[in-house]
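Asks: One line per chain: the protein sequences are E and D, in this order.
Residue numbers for the first sequence follow the working numbering, beginning at 72 and rising by one.
Residue numbers for the second sequence follow the working numbering, beginning at 41 and rising by one.
Heads up, a few of these hints could be off.
Said to hold, decoys possible - Quick partial rundown of chain D residues pointing at chain E, CB under 7 Å, derived from the structure:
id	residue
1	Met54
2	Leu67
3	Ala69
Unchecked claim - Cross-link-like lysine-lysine pairs, in silico, BS3-like; alpha carbons within 27 Å at most:
id	chain 1	residue 1	chain 2	residue 2
4	E	Lys937	E	Lys857
5	D	Lys43	E	Lys790
6	D	Lys154	E	Lys780
7	D	Lys154	E	Lys793
8	D	Lys131	E	Lys790
9	E	Lys761	D	Lys43
10	D	Lys43	E	Lys780
11	D	Lys131	E	Lys804
12	E	Lys937	E	Lys746
13	D	Lys43	E	Lys793
14	E	Lys804	E	Lys857
Just so you know, these hints were derived from the structure itself, not from any lab.
Beta carbons: idealized from backbone N, C-alpha and C, even for Gly.
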Amino acid sequence: MFRISIAQRLALLAAFVALVMTLAVSVLSYLQNRTVLITHELVDLADESNLRMHELREESRFLMREARETAGAIPQPEPGMTHQAYLRSEAFRRSLVQSWERIRQRCDERGRRSPSSWLDRGVIRAIYGLAVDSEGGSEVVQKIIEGTDGVLDRSPDRLLASEALADLQRRYKELALQRRPTLSRQLVSDVRPLSTGELRQAFCIGFEMAGAAAQPLGLLVIVVDFTRMVENRARHSARHLYLIADNSGRFLIHPDAAYLGGSIREDRDAKGRIRFAFKNVPWAKADGSDEPDEFSLLGESLRTGELPPSLTFWFVRRPYSRGTPFQNSEQRSALEADLEQLTLRGQGFRFSRQKPESREITLAAQDKEILREAQRIVEHHERNIGHRQAEDWEGPIFCRSFAAHLVPLRLGPDPLGVEESGDNPLYLIVIASLEEIAQDIFKSTRSVLWASLALCVGAGWLALIPAVFLTRPLKRINQAAQRLAEGAYDTDLPTKAPGEIGTLARTFRHMAEQIRQRDQELTDALARMQAVLRTAADGIITFNEQGIIEEWNQAAERIFGYRGDEIRGQRVQQLMDIPPELARYLGGSDGSSPSLQNVFGTPNLVHRGRRKDGATFWLELAFSEVPLKDRRLITGIFRDVTRRVEDEERIKQLNELLEARVRLRTAELEEAKSKLELALDAAQAANRAKDAFVRTISHELRTPLSAVKGFTELLLNPKATKLRENPIPTLQKIHSASEYLLTLINDLLDVARMTAGEPIQLNLAEFEVLPFCQAIVEMAQPLMKKNNNQLVVDFPAATADGSLLRMYADETRVRQILLNLLSNAAKFTENGQVTFQVRQNDDWVEFHIRDTGAGMTAEQMQGLFKPFYRIDNSTTRKQGGTGLGLSISKLLAERMGGTILVESQPGVGSEFTVRLPVRVADNRQALSAPSAPRPVEAPRNRHTILVIDDDPLSREMLQSFLQREGFAVIPAAGGDEGIRLAREHRPAAITLDVLMPQMDGWSVLASLKSDRRTHDIPVIMLTVAEDRQRGFALGASDFLTKPIDWNRLSEVLHRYADTSGHILVVEDDPSQREHLVQSLRLAGWQVHEASDGREALQAVMTDRPAVILLDLLMPNMNGFEFLEELRRIPNAEHVPVIVVTAKDLDEYDRARLRGWVAEVIGKQSLKEAELLQFIRKHLPMPLTASPEASHG
Amino acid sequence: MAKILVVEDDDMLMDLMRQTLELSDHLVAGAGNGVEALERVKVDPPDLILMDIGMPLMDGYEAMRRLRADPQTRVIPIIALTAHASVTDRKQALDAGADDYEAKPVDFDRLEAKIQLLLRRSAP
């Protein structure tokens, strides 16, 4: 259906419509025609039959007139003659015969005039004149007319059965006797088939005298032969059939002889329906009743119907379009003669007589064979006359449906039965075949059909033309649409066409334009997207809800290793371990899967992805949803972030390193800062100390001075009479004060001298200790007595080897010290005991002075050796104590290389220990004075440094720098070279670059440290990255990072001409000590520990550490004391000490510490790294079992 | 002719002060340190206080501040005796509450004059 175009459809429609219309028209016309034709035919039939009856009636009327006229000619009877007599009279007889004669003549004339009259054609077989006697009887007087058909029966008796005649006569008589005033009497005899196929009837016309009283004179008996009538007609028309039935419906004349005697009324169809009957015909019933029955139901004229099979016949027709070829009568006669022969065969053959104006010939027969024969005869005759027939025979048509017309036949003057005669009429039935009629119609209809067909086609074609015109623009639009669909935007459109087409075309063009634009936009967008997908560095993958991968860009190929065609259709789970959220989402079969935004909290996930070859890597994913119309897609962006992750790791590490470095730097800075602060503090403290000292001195001096001045003034004051009367006590006070003043000044000068750094001259000599001590004891006795103290001595008899104890020292100074201590002991003890003990300890002499005095608290002990420190001010001064004694003593002791230690318990007593070397060394530097920290460096301008660095630039820089610093430099470009040179030249130190191509720094370091020849050379690692632990573990002495801090390097190098050792931790608190020790050991140091100053000194003396970690606040001997003592130990003055203290140092503390202490760090802020840092600064990395580490 | 409290830790100087002041007919009471001084003041308020600075237990500054803080003792005139006569010391002494100060060794004539002045001022 779809292939038929609009045009074709229109055409078809037009054709169809035309067809329908024409069919309708033709059908209608056919029906109409048929109706018309049938009506026409029936009218024809009616006319035909009516004509026949009319003709019959005319004949009878003619005869009646003749009879009347003739009867008028008969003379009247003579008067007086009876009618009977008249009738018998000769005159009458003669006139009657003349009348008969006259009638006969008249009939002949008529016959001659109209050959078609019944007389001529033999329908009126005979006319008899009958005379009527007075009784009414009659006798045949004369046979007027004889039958003209050649078959003459002279005997009237033969023509009319005697009974019939007799009957006629009788009935006439009755009528006559009834003296009916009608001139004509109708007397019809029974219809008597006189012979087979002949049907005759006679009727009388009465001969009567004119006059008032009609007197029958004679009878005309007219014999009609109906068969002849039918035959005659049949001969002339092949189209119609003639039948005669009596009033009971019995066929009297029937083409099918077999059917004669059959009745209309008995003709029923298969269903029992009456097939042939006439309406309003008072058929006489078989039973004689007159009631109408169903036979009367059909119309008077039967329009259609089927006659009994025997009435069927075949009908053919030959049209002569140019008129009949049988133009002359001879031809016609010849033809008719031959055809007549066939009629004698019966079978109802009939044919149409040709007239010159005939345009066809029709043949009909009940038998087809006869028909065919007839056709052959006609064709034969046609050929004979040389006629070439164009039209063929129409038919044979089988005729079995008929239209019929019924005409009642009444003989007599009024055969149409206007007068009720009561005689049984006959019925003439004229029948026309409907098929034959239809043939005509069909012929015309056929032409109509052809015409309609032609019309259809024509209409179709016609319709096609405008349709095509109409649809051509549509076709163009269609083509344009197709081209548009294919992507071509050129529009060949009938935009100028009028009406809707034009509008459509213009709209279409507009639409095409829009589509083109949109297409373009889409293409652009697609191209852009494709470009994005193609060039994206990240893999862009689209997959559906089940995880089946649909799209896969090039970056994804690169990342995962799968080609697009390999992976499409696979599941995304293949590519990675799906995070549980996505797995849940993908597997979600509950249908209510939440949107991805809800599922994933964070937009990016980092996960392990899997490549085609199985390798895993780090993957960063981001998902988003693509809701399509009927399904959901998920687009994922995948990035290989392995490198990034690694970078991040590295960055993190670097950050940590950086932070460590920063912390280190910060620590260093802080260290520097604190150092500066210290220096500042020290300087300030020094200033303050100086100020304080000056203040104190001033105060101390002014006090006795005030006394001197004051008391003197008193004495001089005239008012002070009491005083002046007894000036001695006052003078004594003055004296004492001035003495004190002197002592004070002397002491001060001593202290000043010592503090100034002037080397106190020591008068060193050897002396025996015991006598020396004994002399001291004697000197001290008075002091003891003052406070009622007992002096106990404890001197060893001899030394270990039996010799007397000797000292090589400054006797005076020693005495000064001991006397000071003893006098203190005496002062601060009342009613107690003072013990003076001397002991020798290897190289040391110890003088112990114990008292049982009040004792001192730790705090008091703190300030003991401070200048002018007095426990009890008044007491001391009273006793002439300047408060400087202990300070001087201590200074002196230290000057001699020893120390003074104090132990005391409040309430119990105190013990002072003077520790001096047996042999006081000479020419010491100003140890007794706190000085600036001695630079560890010795001028090492000639020392050699081996520089191992692969980068020539770095190497050169380092080399030139070191040379500037005064070092000799040996460069090495690689590890192997470096190791070889190290072995050869044994430099003072090696700088080693860590990152070197051939043999990296670590390997070099390991190699150096494991080689006996080079393992003691300090190695300083130079590296960009910080890997200290590793370095130290391997044995790097110190660690510097590139870019090199040249100062630091210098410092370190200068420092590291030295050797390495261990750390001594001096800390009284066990847990803190443990902490420090462990930390340091972990860092790789060798650590010794001491819990107080004394222990520490022992430790130092037994095993000199390389660095000391010192807590200031300790019992027995606090940090300061320890430091003082430490400095007295030979070889220990260079040992760097790092003070770790919680105590807030004051100026003096700091001043004291200054120079002795390398670093001061507060405990609170103590961090291992810082501590390590500080230590490292001063200590080269400890080697394992370094031979130089152990010495005292 | 007033009751003067001398606060001085050095016995010798205390003795000197006492003798000199008594020569001027003052009534002299003594205290060896700040604590003792405060006690004495509470017990037997003097007309004037001569306060040494450098003392054990509680030094002169603190004692003076305490005295000035206490409304009862606020009005008592105080002369600080100090060995140190720098500007800072002077300022410190005055800030602590001294009405005047005198450097050691003391010029007794001048001291007496200051005493008289302060006594006159504080007398109702």
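Asks: Take the hints in turn and mark each one as holding or not.
Replies: Structure-based check of all given hints:
Because the smallest distance between the Cβ of Met54 of chain D and any Cβ of chain E comes to about 9 Å, over 7 Å, the interface hint for this residue is violated. A hinted interface residue such as Leu67 of chain D counts as satisfied when its beta carbon comes closer than 7 Å to some beta carbon of chain E; here the least separation is about 16 Å, so the hint is violated. A least Cβ separation of about 18 Å between Ala69 of chain D and chain E goes past the 7 Å threshold, and the interface hint is therefore violated. Between Lys937 of chain E and Lys857 of chain E, the direct Cα distance comes to roughly 26 Å. Compliance with the 27 Å bound is thereby established for this hinted pair.
Straight-line distance between C-alpha atoms of Lys43 of chain D and Lys790 of chain E comes to about 19 Å, which keeps the hinted pair within the 27 Å bound. For the given pair, Lys154 of chain D sits about 19 Å from Lys780 of chain E by alpha-carbon distance, which is consistent with the 27 Å threshold. The straight-line distance between the Cα atoms of Lys154 of chain D and Lys793 of chain E is roughly 25 Å, inside the 27 Å bound, and the hint therefore holds. Distance hint between Lys131 of chain D and Lys790 of chain E is unfulfilled; the C-alpha atoms sit about 35 Å from each other, more than 27 Å.
Between Lys761 of chain E and Lys43 of chain D, the direct Cα distance comes to roughly 39 Å. Violation of the 27 Å bound is thereby established for this hinted pair. Restraint check for Lys43 of chain D and Lys780 of chain E: satisfied, since their Cα atoms lie roughly 24 Å apart, inside the 27 Å limit. At roughly 33 Å between alpha-carbon atoms, Lys131 of chain D and Lys804 of chain E are farther apart than 27 Å, so this suggested pair is violated. For the hint pairing Lys937 of chain E with Lys746 of chain E, the CA-to-CA distance comes to about 25 Å; that is within 27 Å, so the pair holds.
Only pairs whose Cα atoms come within 27 Å are accepted, and Lys43 of chain D paired with Lys793 of chain E is accepted, the gap being roughly 21 Å. With a C-alpha separation of about 19 Å, the suggested pairing of Lys804 of chain E with Lys857 of chain E holds against the 27 Å cut-off.
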